[in-house]
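Protein chains: 2
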Amino acid sequence: DGAYVVVLRESEARNFGVQSGDTVELRWRRRKLNARAYFTSSKVHPGEVGLYRDIWEKFNIRTGDILQLRVLSRPESIKAIISKLLGHTLSYAEMRSIIRDIVDRRLTRSEISYFVASSFARHYSDAELYYLTKAMAETGQRLSLPGVVVDKHSVGGLSGNRTSMVMVPIIAASGLIMPKTSSRAVTSPAGTADTMEVLAPVEHPLSSIKKFIRQNKCCLVWGGSVDLAPADDRIIRASQPLGVEPLNKMIVSIMSKKVAAGIKYLVIDLPVGPKMKIPNMKIAWEVERKFLAISKRFGIKTKVLISEAKEPVGRGIGPALEARDVLRVLQGHELRPVDLEKKSVRLAGELLELAGKARRGSGQAMAQKILDSGEAWKRMKKLIALQGGDAEIRADEVVLGAIKKRFFAKRNGIVKRIDDTAIDEIARMLGAPNEKLAGIHLHKRLGNAVRKDDPIFTLYAQSRDRMKLAEKALLKTNIFTVYSTRHG
Amino acid sequence: DGAYVVVLRESEARNFGVQSGDTVELRWRRRKLNARAYFTSSKVHPGEVGLYRDIWEKFNIRTGDILQLRVLSRPESIKAIISKLLGHTLSYAEMRSIIRDIVDRRLTRSEISYFVASSFARHYSDAELYYLTKAMAETGQRLSLPGVVVDKHSVGGLSGNRTSMVMVPIIAASGLIMPKTSSRAVTSPAGTADTMEVLAPVEHPLSSIKKFIRQNKCCLVWGGSVDLAPADDRIIRASQPLGVEPLNKMIVSIMSKKVAAGIKYLVIDLPVGPKMKIPNMKIAWEVERKFLAISKRFGIKTKVLISEAKEPVGRGIGPALEARDVLRVLQGHELRPVDLEKKSVRLAGELLELAGKARRGSGQAMAQKILDSGEAWKRMKKLIALQGGDAEIRADEVVLGAIKKRFFAKRNGIVKRIDDTAIDEIARMLGAPNEKLAGIHLHKRLGNAVRKDDPIFTLYAQSRDRMKLAEKALLKTNIFTVYSTRHG
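Protein chains in written order, with our numbering: chain A, 188 to 675; chain B, 188 to 675.
One chain only, chain A, in its complex shape (with noise of 0.2 Å):
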């Protein structure tokens, strides 16, 4: 910001409660100046002060030359970050500084870390999550698209649920725009970004997302390559770890990306249940609220849709089985997973009727309408051509790993249960999502009745070793549960 800089030794300056970032004056012989204090560990000797050339050469400053520094103010930042762990509300203005200074690096790892406490230990307003979310989409890139943009979000936790690749071409097929930006997997097996691909890449600049929504009016790209709210990156690590994510920071991490992305029409997927993020209803209802609490004050109109999540949804668990899956839908495979469709259709309806496309009650009709005439798969075509990948692919000609073990039913019966988190590690065990041909395909869901012998699952790997670690782990989890029909 053109501000001089002075170099100070970080434990002397520690010493006297000068913060890096902190405005100093500097006074020597009759002169005085402001400048900011930055830290070194070894540059500078004890008992002095490190200044460049554009300071000593202006104002005539000589080696061995007293300087006296004093403390003009500290961070608005740090006092900020103090006040909210006292319990007191923040004003926007206090909410920018924080994230201002995180996106500038004038705040460590360890002084971000009393900001992620807060959220933890004090309660804040509505207005409060209002004004993070516009720091947060207010210091980074803003994307201005012309049209009516829209988006979807799923909050995570939830195996397969690929919808995006589904709903993208859908409503760009209607005419609205849908720039998706998705992130890679964390700790499951596969992200949208993963998956998205094994289909084209998804790492494009700028200019090209741009072009790609110009002239297609969506895109599939990874969140990384359009700088939406970077402040959330460095919170996020400063989090990591307590191995927990309030609420709250998701909430405004979601929310602040969209605003960035300029979006006006909204659809939130919510999977509740025991092993994904949002546990029960009661927190679903308070997630809801919040997110409804903040589109409002931002001017997005935004549906959420709480789902109850028993299982996977579609039939592949990994990068390549899940976009083999998301083909089969597109193109009207006979063997395409119908929960995926459904799922898809109905939020891509949900977003037809929100953003005014289609009338009440008729969005879905309208989604399915575009999927089975093939608008879809057409418009999904353009969006692989244009960011770089074979745009004639058919569903089956996906490649998987080479190596493939079946396994069957021991008895006949009903599946009662299919673990969700066994299938998880599963198929990271299997190389998923590093190893994109690696994961599990599921030919049975919850309440199919089976046969003795009937293929139950089929895990797919690149190594022999892979395939032997997670045949081993199977003779000690169960992925189905099912309950012989005699009892049942």
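Worth flagging that the hints you see were computed from the coordinates, not collected in a lab.
A few of these clues could be false.
No copy is singled out in the list; a pair is fine if it fits within one copy or between any two copies.
[Stated by the list, open to error] With a straight-line cut-off of 30 Å between C-alpha atoms, the simulated BS3-like cross-links for lysine-lysine are:
#: 1; residue 1: K245; residue 2: K659
#: 2; residue 1: K591; residue 2: K556
#: 3; residue 1: K219; residue 2: K488
#: 4; residue 1: K490; residue 2: K663
#: 5; residue 1: K462; residue 2: K219
#: 6; residue 1: K230; residue 2: K569
#: 7; residue 1: K219; residue 2: K655
#: 8; residue 1: K655; residue 2: K245
#: 9; residue 1: K469; residue 2: K568
#: 10; residue 1: K245; residue 2: K397
#: 11; residue 1: K597; residue 2: K565
#: 12; residue 1: K266; residue 2: K469
#: 13; residue 1: K230; residue 2: K464
#: 14; residue 1: K639; residue 2: K556
#: 15; residue 1: K659; residue 2: K469
#: 16; residue 1: K266; residue 2: K497
#: 17; residue 1: K529; residue 2: K245
#: 18; residue 1: K398; residue 2: K597
Got chain A sorted already, so can you dock chain B onto it with the hints?
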């Protein structure tokens, strides 16, 4: 602790939710092994696990083997920190896990920040403060000295106030054991360790300290020499960015060191004033209550003496000037600072009564007698000699800064205000505490009548440049405010 250790790539480990220090289970071929996971950012490639020779030799693991890794347990300490942040009450085992992991460097600065944050944002019960104190005392060095061990602690913030150096020889002369450890100045112009260092070295190995006490019943050493409650240092470092110390943290930090030192009787000097750590009486009473509650649980008899802090104690500010004050009191010099003598005698008297050396109401007289008889000075001489200083030093032989400048009253009047903050600032400008001979001597006290041209204070420095700085600062800052007697 003898556990096997595996080294993981930090970025990868974080993705899998593995924390530094987690216990993980390694499985390969038909074997398994538990180990602690630690991080590196460079030495291990993605997808690899680093093993030390002790593991791969013993278990015959070959490069290329596939290892499977599962988190068995997250450090209890992290769970406990989250629990406290969420407002729960912690048990002794939980507190101890946190402090243990801080001492063993299993928690990063950022993780410790979350713990410090909890003491800003959450209530700590007396039991929790006790647990914390106990855990901090138990995870470091412990002294166990023969005899009745006593101590005195001044809660910082008041200039001068070198009562410890007067009290220690008085108390030791009475037959009690007083193993005084002190800190160096952090933001003030002198700490007791800095001042004592003018007379003798203060950094000694524990074995020497024990010898001093065996031979002379006392010592005056730097606290860093004795590793009492080592968690404290790391906690302080994590809380520095905020520039504010939670009072609970301060109380626990003081008490844990007293417990580790085996103190049985304790007097706490609590100066209260707008610029002190304890700003008002209400807070002082709450702090007193907590000191007493914790002391009681450890069987320590403690007395807290609350006093109003309006001006520095003693005449000198800066290590050498403060050392001269102490010697003048101990040697019965005609120019000795009476306030320092009175306060020291009062505190010593309380301690003598508390420890049963004097009857109630007669402690002060006893302390005064030990001082007046020269017994205290004899004890101090031996202390100086044992710690390696010149025991024959006379108060007026203390060397002061060679450059000296006296300031005079401009009119007749009464001293109405002495600005403690300005005194500290000017003393630091003059070079204290690093330049031990620099500082300020006050010729007048609050309420003293002054006549035009009376000396009011004298500055001492080791360099002309620093003297000039201070003089210039004094053009704008008043250390003394003298009200003209004509108006008052």
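Hint check results:
Within a single copy, K245 and K659 get their C-alpha atoms only as close as 72 Å, which misses the 30 Å cut-off; across copies the closest is 23 Å, which meets it. Taking the closest pair of Cα atoms, K591 and K556 never come within 30 Å of each other, the shortest separation being 36 Å inside a single copy and 94 Å across copies. Proximity of K219 and K488 under a CA criterion of 30 Å is satisfied in neither setting, with 54 Å inside one chain copy and 53 Å between copies. With identical chains, the CA atoms of K490 and K663 are never at most 30 Å apart, being 42 Å at best within one copy and 63 Å at best between copies.
Proximity of K462 to K219 under the C-alpha cut-off of 30 Å is restricted to the inter-copy arrangement: shortest distance 27 Å between copies versus 61 Å within a copy. Proximity of K230 and K569 under a CA criterion of 30 Å is satisfied in neither setting, with 56 Å inside one chain copy and 43 Å between copies. Taking CA atoms no more than 30 Å apart as the test, K219 paired with K655 passes between copies only; the shortest distance there is 15 Å, against 72 Å inside one copy. Taking the shortest Cα distances, K655 and K245 sit within 30 Å of each other only across copies (23 Å), while inside one copy they are farther apart (70 Å).
In the homo-oligomer, the alpha carbons of K469 and K568 never lie at most 30 Å apart, since the shortest distance is 41 Å inside one protomer and 73 Å across protomers. In the homo-oligomer, the alpha carbons of K245 and K397 never lie at most 30 Å apart, since the shortest distance is 45 Å inside one protomer and 57 Å across protomers. Proximity of K597 to K565 under the C-alpha cut-off of 30 Å is found in neither arrangement, the shortest distances being 43 Å within a copy and 93 Å between copies. In this assembly of identical chains, the alpha carbons of K266 and K469 lie at most 30 Å apart only when taken from different copies (24 Å versus 34 Å within one copy).
Taking the shortest alpha-carbon separations for K230 and K464, neither the intra-copy value of 46 Å nor the inter-copy value of 34 Å comes in at or below 30 Å. Taking the shortest alpha-carbon separations for K639 and K556, neither the intra-copy value of 39 Å nor the inter-copy value of 100 Å comes in at or below 30 Å. When the C-alpha separation of K659 and K469 is checked against a cutoff of 30 Å, the pair qualifies neither within a copy, at 39 Å, nor between copies, at 66 Å. Proximity of K266 to K497 under the C-alpha cut-off of 30 Å is restricted to the inter-copy arrangement: shortest distance 28 Å between copies versus 45 Å within a copy.
For a Cα distance limit of 30 Å, the shortest separation of K529 from K245 qualifies neither inside one copy, at 70 Å, nor across copies, at 55 Å. Taking CA atoms no more than 30 Å apart as the test, K398 paired with K597 passes in neither setting, with 54 Å inside one copy and 79 Å between copies.
The structure fails hints 2, 3, 4, 6, 9, 10, 11, 13, 14, 15, 17 and 18 (numbered hints given earlier, in ascending order).
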